[in-house]
Amino acid sequence: MANVNRIKCTAKVSPMLDEYYASMAHFDCVAWCMGPSAYEMMGAAGVSCFQAESAAARIAGGHDEVPLIEYGQARGVSPDMCSYAKINIGHILAQQDGRWDLVKERYRLNPPNLIVAGNICPSMMQWAHVLGKLFNVPVFIIDYPFAYDPTVEHLRRNAKYVRAELEELKKFLLKCSGKEDYDWDKLNEQMACCREMDFYQHNISALQRVVPAPASFIDNAVSMTPALSMKNQKAADFYKEFMEEMLDRVKHGIGSCDNERYRIMWRGNFPWFKISFLSKLFAKYDAQLVCGEYGFSYLDAPRGGELIPPDGYDLKDPLWSIAARSVNGTYIASYDTKWKNEFVGFITQYSIDAVIIQAPHTCRPWTLTTREFCQRVENELGVPCIVLEADHTDASYFNDAQVETRIKALLETVDARREEKAAKAREAAQ
Amino acid sequence: MDLKNCTLEELLQEFKFRAREPAEAANAWKAKTGGKVIGVAGLDVPEPIIHAAGMLPVVLLDRDEAVTLGNAHVEMHQCGYIRSIVDQALKGQLEFCDEILFHDCCHIIRMLGDAMHTFCDKIKKIKFVYFPPMLEYKTSQSYTLDEMYDMRKRMEDIAGVKITDEALAESIKIFNTQKKLLIELYDIRRSHPGILTGVQVSDIVAAGMCMPKEDHIELLRRLLVLLEPEKAKPVSKAFPVVVHGSLCERCDDYVLNNIEATGGVIVDDDLYVGSRYFITTYDESIAPMDALLKAYCERVTPCPTRYTEADPGEYLTDLVKKANAKGIIMVIVKFCESHDYFYFTAHRYFEKAGIPEMLVETEHDSAPEGQLKTRLQGFFETMEG
Numbered sequence: 001m002a003n004v005n006r007i008k009c010t011a012k013v014s015p016m017l018d019e020y021y022a023s024m025a026h027f028d029c030v031a032w033c034m035g036p037s038a039y040e041m042m043g044a045a046g047v048s049c050f051q052a053e054s055a056a057a058r059i060a061g062g063h064d065e066v067p068l069i070e071y072g073q074a075r076g077v078s079p080d081m082c083s084y085a086k087i088n089i090g091h092i093l094a095q096q097d098g099r100w101d102l103v104k105e106r107y108r109l110n111p112p113n114l115i116v117a118g119n120i121c122p123s124m125m126q127w128a129h130v131l132g133k134l135f136n137v138p139v140f141i142i143d144y145p146f147a148y149d150p151t152v153e154h155l156r157r158n159a160k161y162v163r164a165e166l167e168e169l170k171k172f173l174l175k176c177s178g179k180e181d182y183d184w185d186k187l188n189e190q191m192a193c194c195r196e197m198d199f200y201q202h203n204i205s206a207l208q209r210v211v212p213a214p215a216s217f218i219d220n221a222v223s224m225t226p227a228l229s230m231k232n233q234k235a236a237d238f239y240k241e242f243m244e245e246m247l248d249r250v251k252h253g254i255g256s257c258d259n260e261r262y263r264i265m266w267r268g269n270f271p272w273f274k275i276s277f278l279s280k281l282f283a284k285y286d287a288q289l290v291c292g293e294y295g296f297s298y299l300d301a302p303r304g305g306e307l308i309p310p311d312g313y314d315l316k317d318p319l320w321s322i323a324a325r326s327v328n329g330t331y332i333a334s335y336d337t338k339w340k341n342e343f344v345g346f347i348t349q350y351s352i353d354a355v356i357i358q359a360p361h362t363c364r365p366w367t368l369t370t371r372e373f374c375q376r377v378e379n380e381l382g383v384p385c386i387v388l389e390a391d392h393t394d395a396s397y398f399n400d401a402q403v404e405t406r407i408k409a410l411l412e413t414v415d416a417r418r419e420e421k422a423a424k425a426r427e428a429a430q
Numbered sequence: 001m002d003l004k005n006c007t008l009e010e011l012l013q014e015f016k017f018r019a020r021e022p023a024e025a026a027n028a029w030k031a032k033t034g035g036k037v038i039g040v041a042g043l044d045v046p047e048p049i050i051h052a053a054g055m056l057p058v059v060l061l062d063r064d065e066a067v068t069l070g071n072a073h074v075e076m077h078q079c080g081y082i083r084s085i086v087d088q089a090l091k092g093q094l095e096f097c098d099e100i101l102f103h104d105c106c107h108i109i110r111m112l113g114d115a116m117h118t119f120c121d122k123i124k125k126i127k128f129v130y131f132p133p134m135l136e137y138k139t140s141q142s143y144t145l146d147e148m149y150d151m152r153k154r155m156e157d158i159a160g161v162k163i164t165d166e167a168l169a170e171s172i173k174i175f176n177t178q179k180k181l182l183i184e185l186y187d188i189r190r191s192h193p194g195i196l197t198g199v200q201v202s203d204i205v206a207a208g209m210c211m212p213k214e215d216h217i218e219l220l221r222r223l224l225v226l227l228e229p230e231k232a233k234p235v236s237k238a239f240p241v242v243v244h245g246s247l248c249e250r251c252d253d254y255v256l257n258n259i260e261a262t263g264g265v266i267v268d269d270d271l272y273v274g275s276r277y278f279i280t281t282y283d284e285s286i287a288p289m290d291a292l293l294k295a296y297c298e299r300v301t302p303c304p305t306r307y308t309e310a311d312p313g314e315y316l317t318d319l320v321k322k323a324n325a326k327g328i329i330m331v332i333v334k335f336c337e338s339h340d341y342f343y344f345t346a347h348r349y350f351e352k353a354g355i356p357e358m359l360v361e362t363e364h365d366s367a368p369e370g371q372l373k374t375r376l377q378g379f380f381e382t383m384e385g
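Chains as they are written, first to last, in my numbering: chain D, 1 to 430; chain S, 1 to 385.
Accuracy of the hints is not assured; some may be wrong.
Claimed, not checked - So the derived label-pair ranges between C-beta atoms look like this:
hint: 1; chain 1: S; residue 1: S142; chain 2: D; residue 2: A416; range: 52 to 62 Å
hint: 2; chain 1: D; residue 1: K316; chain 2: S; residue 2: A353; range: 22 to 32 Å
hint: 3; chain 1: S; residue 1: A353; chain 2: D; residue 2: E168; range: 26 to 36 Å
hint: 4; chain 1: D; residue 1: R108; chain 2: S; residue 2: S142; range: 41 to 51 Å
hint: 5; chain 1: S; residue 1: A367; chain 2: D; residue 2: D97; range: 48 to 58 Å
If you are wondering where the hints come from, they were derived from the structure by calculation, not from laboratory data. Each residue gets a CB set at the ideal place from its N, CA and C atoms; glycine is no exception.
Chain S extracted, bound-state conformation:
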């Protein structure tokens, strides 16, 4: 696209296309560069290692289409993300990946990755990384670093290149640039409620999870320029809320749209395809491998598949306050068991802290919009009263 002359609308369309058709973009990148694509399942995989080997990391997201073939292999009471990934694999939609790297971000994901070769011959290679979940324990940190070095070696083998510390430091810089631009975008979103819709922001972030970082950075820079005149427009007077959740997949469009259609405006989020992807930056003042470890162990956002003593409600309450929001919408993907425990604890915290909160459970093949709309209207009316 003609980045210099495009309009905001055209640019947002480009983000949308990149976000929703990752295979097309990845195949185009392969054809252009001759490089390899590594599909990544799980947020904590240190993508800069893949990038430093000259390969393209693509975070595998759920796909907004009905699960059909996947249901024959995965029960309906497994989460939508798992079912969608199996479905995509069986339909050949992940064939663009030269290898899929599963991070043990939950036991179900790892078990799925481990068994997929038995029923799906359309996946070329599946590999694992295991990062212990106890982020504050010294023992886990040392194991994690070993595992990261192991991953680095494996990526070198696939790409057929040596990853130097310099190359890794350079990749980290590029990732940080992307992160910082997204942080800037979120600052604008907080200070100018309604400047972008929830779905638009979701597309912007999702595109960055799939496409080459360098290209995404260019799009983001243009976006920030195009948003300048928008800042002068009146801001939304709707109820400001923070949205949390959908921890391995995109938050469904119908959820985000209905929040905005019923009297809310999303001023910040703690979504997987949202701030969780970029909020933890890499420390460029230390050795690159140490920076990757530090980012893992000192991640900003609490995660129900990782362990720290902190109460997850505390972080989310701070987020609500920082964004001047009046409440929080907690989006849980049905059958994400770890998230159920996390929610149980956070909910009790919100009660004590006086933070209005609403739980929305989503299922991959179902979008009960009417019901959600009524509940959201009730929630906003309660806040108004």
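Chain D with its partners taken away, still in its complex shape:
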């Protein structure tokens, strides 16, 4: 079997997160957050943040999710809820009931002082409401309006609205932390870190276009939490190291896959509990996951164009920068924008041979329209595509053998297309 040649510094992610979560104990005020929750703004108000989906993904990655889901479901959590929320709520109920046997020490949490959620799917707002009631703490929702009209005028209006919300968030954070003044210098420091981090991530993303790809998209995926919720200098330094490792590989012609024969685009979130299985499976068939939108949509945020500078940051007005970037996010984009940004852009720029769309059973927004996208990829771009029905963190919806059969069939289709193309070329040459 081929080697899984992972980017070495990804081994630092887990200890880095352990350290980050441990550091929350030094804060008097901790926010639990779900969805895009303007994490950049927390530190300047003396608030530390804990990202609930990332924590759930981490628990699932360690195969520790099942007892928490089971416990939650036995206490009234619906099996149809987002599995991130199922793990998180099950986790809380287990802790509140003193069921420490179900919660490993490294996952144990202190209760939050406040909840912040970004309204980007049917779960976030209600999940936050549930947590607010379970902990009896205040909740703040940041709404990101549906960008049904992709014109700059409409996006500008949305950005103004989100900016006004962020002003309110600032007041809310100060009220919760008991601090009198908002530390704008600290916010700008953090924004500068974000800008630096984006620079590295843009390069990382661009380097994936090289054949053979120096990193697997799985390396990117398992490394996304520092960028999404830590957003500090440590996170920026990590992505610098990641980028340098890729540059070194490009220089020496080293690919993440020993013998890269298939370049795959992945759409949707990942089955975190099967990352290792998928990684080995792709390596077994000399296939490489090269790119995808999940977790990286913020990199394309400046595509609002006239709203913010090309690098996405106007440090003179950090709240406007956060707002303008957020209204371009993929979650709230229209179907046509998603098609253009999430499919056409990647498939045409990354020499993609096949596309896998993950349709997570407990994430209905990700699932809806996957069939239409799949057909469109095939019909309009001539690239074979499958919809893989699985889940992000609920192991109930993944069968190893079935997944392998489908991926194998997809790669065989690529072979058949190549053969067909070669035959046509031979015919033309005669």
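The hints should help you fit chain S onto chain D, whose structure is shown.
Frame of chain D; chain S shown alone:
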């Protein structure tokens, strides 16, 4: 129909027909008036704006027939409402709509509306309105008002008329008349348990969501007259319950019928096709656009797709008490994820408040009557004991 001389039974049949065949009624209205029909998906769309433009708003409901064509495009683990709407669209059953207006009442509905043009050429036009869900935030209120003005402009463009404030105020009055008559009907239902069945009430409300309001008002007025002699009859001694749920569609007939067949009587409801449609009235003492905004932001019923700090269990507990009910049946449409969270919180509230409660999950293509009957019998027996 001959409204002056019709019997209660005939009138109830008329409500039923209007409720179950909205396309027929809408097409008849179009032929008569030459007006346009706007299909509305989502409860919070300010229908008076459409009405004031001389058009007919028709709330799109699920259809009581198996989903077939729709399954090719929408997964079985999406809610029945979504699947039914796609199915109806593909079968050409929504062709009577000159435009469909999707309110972002849940992310799934908006995504569906947004993608439907790629696989369905039988829908003429699809448009959106976005009302932020945080009802108590000042920032959302200002965005919502902008969006309502935008919708008003778009409706003017479609209808080719200018919507004056006077016309809008007049439309609001008509909607309020309908709402107040329905509120009166529900008062009678509370004070005379069993005077109408759950399905009959559902048909009465559903008809009002589809047909011209003015016509519905006439039917309601006649209904209230015909109910007068019924009030003298003995009231039902069955267990009084409130039914909540089915938040985007009709509560299935088999659920309502079985509640009544197993020892319960529905004395009030918090159903989409029920009190949720009319319980929030418009304030006629303020400017009409402000009245629409106020109705949205100060809606009476809690909704899992909107955000307020209140515990949903509190409102429902009050409803149970006001109706002198002894328990509540919570009807959740399978895969309505927002409702699952809402239920989780409400259930804990009921436990603390000592309100007997039973959860019923419904699926579009399945009606497990036997199982439901047994569970309901058990529930009522427990209440009796």
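Open item on the list: Need the list of violated hint numbers for this structure, in ascending order.
Closed with: 2 and 5
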